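Assemble chain B onto chain A, guided by the hints.
2 protein chains.
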Amino acid sequence: MIIDIHGHYTTEPGQLHTFRDKQLAGLADAGRKPATAELGITDEQLVASVQPQLKFQRERGSDLTIFSPRASGMGHHVGNEAIGRDWCRVSNDLIHRICALLPENFAAVGQLPQFPGAPIDNCIPELERLVGLGFVGINLNPDPSGGYWKSPPLTDRYWYPIYEKMVEWQMPAMIHVTGSCNPAVHFTGAHYINGDTTAFMQLLQGNLFKDFPELKFVIPHGGGAVPFHWGRYRGIAQDMKKPLLGEHLLKNVFFDTCVYHLPGIELMAKVIPVDNILFASEMLGAVKGIDPETAHHYDDTKRYVDQLKGLDEASRYKIFEGNARRVYPRLDAQLAKRGHAARKAVAKEPT
Amino acid sequence: MIIDIHGHYTTEPGQLHTFRDKQLAGLADAGRKPATAELGITDEQLVASVQPQLKFQRERGSDLTIFSPRASGMGHHVGNEAIGRDWCRVSNDLIHRICALLPENFAAVGQLPQFPGAPIDNCIPELERLVGLGFVGINLNPDPSGGYWKSPPLTDRYWYPIYEKMVEWQMPAMIHVTGSCNPAVHFTGAHYINGDTTAFMQLLQGNLFKDFPELKFVIPHGGGAVPFHWGRYRGIAQDMKKPLLGEHLLKNVFFDTCVYHLPGIELMAKVIPVDNILFASEMLGAVKGIDPETAHHYDDTKRYVDQLKGLDEASRYKIFEGNARRVYPRLDAQLAKRGHAARKAVAKEPT
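Here the protein sequences come in this chain order: A and B.
All the letters of the first sequence, read from the start, carry residue numbers 900 to 1250 under my numbering.
All the letters of the second sequence, read from the start, carry residue numbers 900 to 1250 under my numbering.
Fair warning: there could be bad hints in the mix.
Put simply, identical chains are the same to the list, so a pair is met inside one copy or across any two.
[Claimed, not checked] Straight-line distance between alpha carbons at most 30 Å, and here's what the computed DSSO-like set of lysine-lysine pairs gives:
(1) K1169 x K1187
(2) K921 x K1187
(3) K954 x K1187
(4) K1150 x K1109
Since the hints were derived computationally from the structure, they do not count as laboratory data.
All values reported here derive from a predicted model rather than from experimental measurement.
Only chain A is shown next, with the shape it has when bound in the complex (with noise of 0.2 Å):
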């Protein structure tokens, strides 16, 4: 079967967006302020909703996608912590809704109520709630501020609470940012970017897998401007004395392969092992265009990762599948109940 990691609810009926508005015209006029968190969304509604999703992974090839709520819109930064608690909750139950309602083809993923400055123990409850109803990882933000980079580093002690809670439950992060309200740094252009790029940095510079060696990231974009950068990082990380980045960093952080071009994808499989690429197409995501020089969707990532030459079987099973089930266990187990048993572990092949 062929996993897409990474697609976000980029298709909201509009009574999402309307409570939205309430929730923050609120802020300004108590009056405003949304009765109840009942969207009045049905669940005919919600499916209507996903069917460009459904349609694209029909018409690209892929089977199951995992499922969060819009990236731009955590904005995590807006507002203040009450509200915030209320949207993630409102966010990532449509999520589940729909999850439930197509089982085969989404698998959920949730935001958390990070606030700039707020302890990042107060998104533990969400967390609990999250793998009580079934979601297989979270998306983790590292600047909550939105584009100002004021929180620390995600080596730094602040994480922890959330880092024991994620271990423990087996849930994995995908390092994701969400919209910038920094004029400078635009959100799908240069913040998602940036915010990949300089996550792995933070990682290189700390030990942080040592004191969590089951600590799963994905970094998304395909790791930014990581491997483009690869001895870069390697030449770093050597000048700081640190471990290979194979063994210190490559077995708890995972790239996901939402590069929009071939010579992107080309040069990811040249650099990372292929144990650490999981395929994603963030479809319905940042690029909605078809390349005039492909004459196919941008994202359409699939295409890319089908051209690769010199990928063998058991490779390929590792990006589209294999990867995936072992990176969130929670979607592995949910497979297997439901008669999708994954492959015997393979020896590791040489990329």
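For chain B alone, kept in the frame of chain A given last:
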């Protein structure tokens, strides 16, 4: 000849650091201010200090390095504007002296006395001084706040006064941030690369080169994440109804080859037109070690360019010399005056 367009003076004599210490100590205790900007560095000391660079030029086979003060040393966010102005002048003066002593080996690029929140107009006197001293370009910092991105984007009219003078005086700018004072953002491993990516996206969003068709920017470190995500940027531009990137940006925006492994340079040569690639190594820069996979220095980037397959002689000339002479017209004039004629313009090659 082979021109390396990106070298910083990272082997400064100790007197420069002593001066800076006294200067900043003077903020807390006026009695510690340096009495004079005379550093007491002799010409012999200057020449001795750049022997490592000269050795690498000889060993690696480059001829001339475009040389500017240490990037992380610019420290635009440090102290106050008056101290920054003195520091800028002292730093640029050392570059000037080195280039006067060794004109066959170094050409001068200067820093500007930018300060967070201060009008960019305040940098014009130093720019004019640099022109008078024979500098061939400048480093322009898109984030003088040092990692918090508090300035308006490069397309904002805030920057226009310096652009007007850059065009008038034929001074291109390398878009280069300085050190990061943000503990979440490592300088060479995140801030530099993010700065490149962010600047490119700012330019993509705007229409700056409609107002300044002669303005020229070099984005260093291979353009940050940009070539790796070339499909993403082409797609975002398309979604924004911008012209094709070749038309929209590539008459004015150039990338250097400071990418420290062969697969990165190969990717770059695949997606970026050869007219937009300028050879550079940033030698004695961010990564100083020897790559155990190749037994050569990571930053010996000439080796990677030399290994590019299918690079014809005309393209090779462009990357190593021709493009630099086109982007830095004052350098071209200096070289011509010294008897190094440029080749006649050749028709554009397909990449």
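Hint check results:
1. K1169 x K1187: For K1169 and K1187, both the intra-copy (27 Å) and inter-copy (23 Å) Cα distances are at most 30 Å.
2. K921 x K1187: within (29 Å within a copy, 55 Å between copies)
3. K954 x K1187: within (14 Å within a copy, 50 Å between copies)
4. K1150 x K1109: within (11 Å within a copy, 48 Å between copies)
Violated hints are absent here; each numbered hint is respected by the structure.
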